[in-house]
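**Student:** What follows is the residue order along each chain.
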Amino acid sequence: MPPLTPPKSGDALFASVDRVNAELFTLTYGAIVRQLLTDLEEVEEVNKQLDQMGYNMGTRLVDEFLAKSNVSRCVDFKETADVIAKLGFKMFLGVTATVTKWDAEGTSCSFVLEDNPLVDFVDLPDTCQGLQYCNVLSGVIRGALEMVSMKTEVTWVRDMLRGDDAYEMRVKLIKQVPEEYPYKDDD
Amino acid sequence: MALAAIYSLFIINKSGGLIYYKDYGSAGRMDTNDSLRLASLWHSMHAISQQLSPTPGCTGIDLLQAHNFDLHCFQSLTGTKFFVVCETGAPNMEMLLKVIYELYTDFVLKNPFYEMEMPIRCELFDLNLAQVIQKDRVALLGR
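In order, the protein sequences belong to chains H and C.
Just so you know, our numbering puts 45 at position 45 of the first sequence, and the rest follows in order with no gaps.
Just so you know, our numbering puts 63 at position 63 of the second sequence, and the rest follows in order with no gaps.
Since the hints were made in silico from the structure, they are not lab data.
A hint or two may mislead.
[Unchecked claim] When the alpha-carbon atoms are kept at most 25 Å apart in a straight line, the in silico SDA-like pairs for lysine to any residue are as follows:
# : chain 1 : residue 1 : chain 2 : residue 2
1 : C       : K110      : H       : L93
2 : C       : K14       : H       : D126
3 : H       : K68       : C       : A66
4 : C       : K110      : H       : V148
5 : H       : K48       : H       : D126
6 : H       : K151      : H       : E64
[What the hints assert, rightly or not] Residues of chain C placed beyond 10 Å of chain H at every Cβ, according to the derived structure:
#  : residue
7  : L9
8  : L18
9  : Y21
10 : D23
11 : P56
12 : L77
13 : T88
14 : T105
15 : F113
16 : M116
17 : M118
18 : P119
19 : L129
20 : Q131
Please read these numbers as outputs of a predicted model, since none were measured by experiment.
For glycine and all other residues, C-beta sits at the position ideal for the given N, C-alpha and C.
Kindly generate the complete structure, drawing on both the sequences and the hints.
**Tutor:** Dropping the structure here:
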């Protein structure tokens, strides 16, 4: 058996990846949202597009995360959520999330972000009520988890841009879809 | 005379389709159809091995040792498989596969024009892969 390298800690991971200027990141994301609003005009459409963009990003990000962090397969969804909150968010956004409000079956939980680099300097105007500014994040989580065989539903519960005190995403595991084998027993 | 420690490299997507094939040296060179066939064969064998396992939690075949070659396989948690056919006893192949996985996440997945699960046609990937293989070869022969 090849020797297993231990998984890196969140800080070590964050230190080992290339970083970008925070303002550039915030401005780029802001420009994307503004352009989508101009092109699509409907706030709901923009929310959907942001989610779709996030989904496409998530499907690609997950391999990067797995390659750099050396994590092994998680035993249950609780471990998955912890890995996302401590390592995933740290590696890509530089902030950690806290995992709370687990339901009885252990299939649904909330990620709470105190700090969110996407929304630095952002103030939502009255004309954009209903805009989920950070919807790309829910898409990213959904896309990433789908690539490791988990179908999830991610919704925003609290949003500081709408006056709440933190950012809270609710992630619900709908089902595990393991890879199909090429040969089925009943064929 | 440089001996190729590696004969060929295959990358297959989660459905078993070949998305990348590179051979090094004329030994073991195969044409497109053969490489496609071998890739889906390996994908099936890998899946069957998990069902054959007497204990649960088997993640598939890591190493195939034959009389005159070894085959090392690495499967990412997303189902993409990277495998090399190399000389018997060639060292550090698992490390090499991990490095190739990182190159894949960088030059293939981060290329916005690359379509997921499709054959890889990324020059930067080819370039960096060649560099890594070359470095690996030099390190092996330099001993």
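**Student:** Taking the hints in turn, state whether each one holds.
**Tutor:** Quick rundown of the hints versus the structure:
{"no.": "1", "hint": "K110/C / L93/H", "verdict": "holds (17 Å)"}
{"no.": "2", "hint": "K14/C / D126/H", "verdict": "violated (46 Å)"}
{"no.": "3", "hint": "K68/H / A66/C", "verdict": "violated (32 Å)"}
{"no.": "4", "hint": "K110/C / V148/H", "verdict": "holds (18 Å)"}
{"no.": "5", "hint": "K48/H / D126/H", "verdict": "holds (20 Å)"}
{"no.": "6", "hint": "K151/H / E64/H", "verdict": "holds (20 Å)"}
{"no.": "7", "hint": "L9", "verdict": "holds (17 Å)"}
{"no.": "8", "hint": "L18", "verdict": "holds (15 Å)"}
{"no.": "9", "hint": "Y21", "verdict": "holds (19 Å)"}
{"no.": "10", "hint": "D23", "verdict": "holds (24 Å)"}
{"no.": "11", "hint": "P56", "verdict": "holds (12 Å)"}
{"no.": "12", "hint": "L77", "verdict": "violated (5 Å)"}
{"no.": "13", "hint": "T88", "verdict": "holds (17 Å)"}
{"no.": "14", "hint": "T105", "verdict": "violated (4 Å)"}
{"no.": "15", "hint": "F113", "verdict": "holds (12 Å)"}
{"no.": "16", "hint": "M116", "verdict": "violated (6 Å)"}
{"no.": "17", "hint": "M118", "verdict": "holds (13 Å)"}
{"no.": "18", "hint": "P119", "verdict": "holds (17 Å)"}
{"no.": "19", "hint": "L129", "verdict": "holds (15 Å)"}
{"no.": "20", "hint": "Q131", "verdict": "holds (18 Å)"}
Going down the numbered hints, you'll see the structure goes against 2, 3, 12, 14 and 16, while the others check out.
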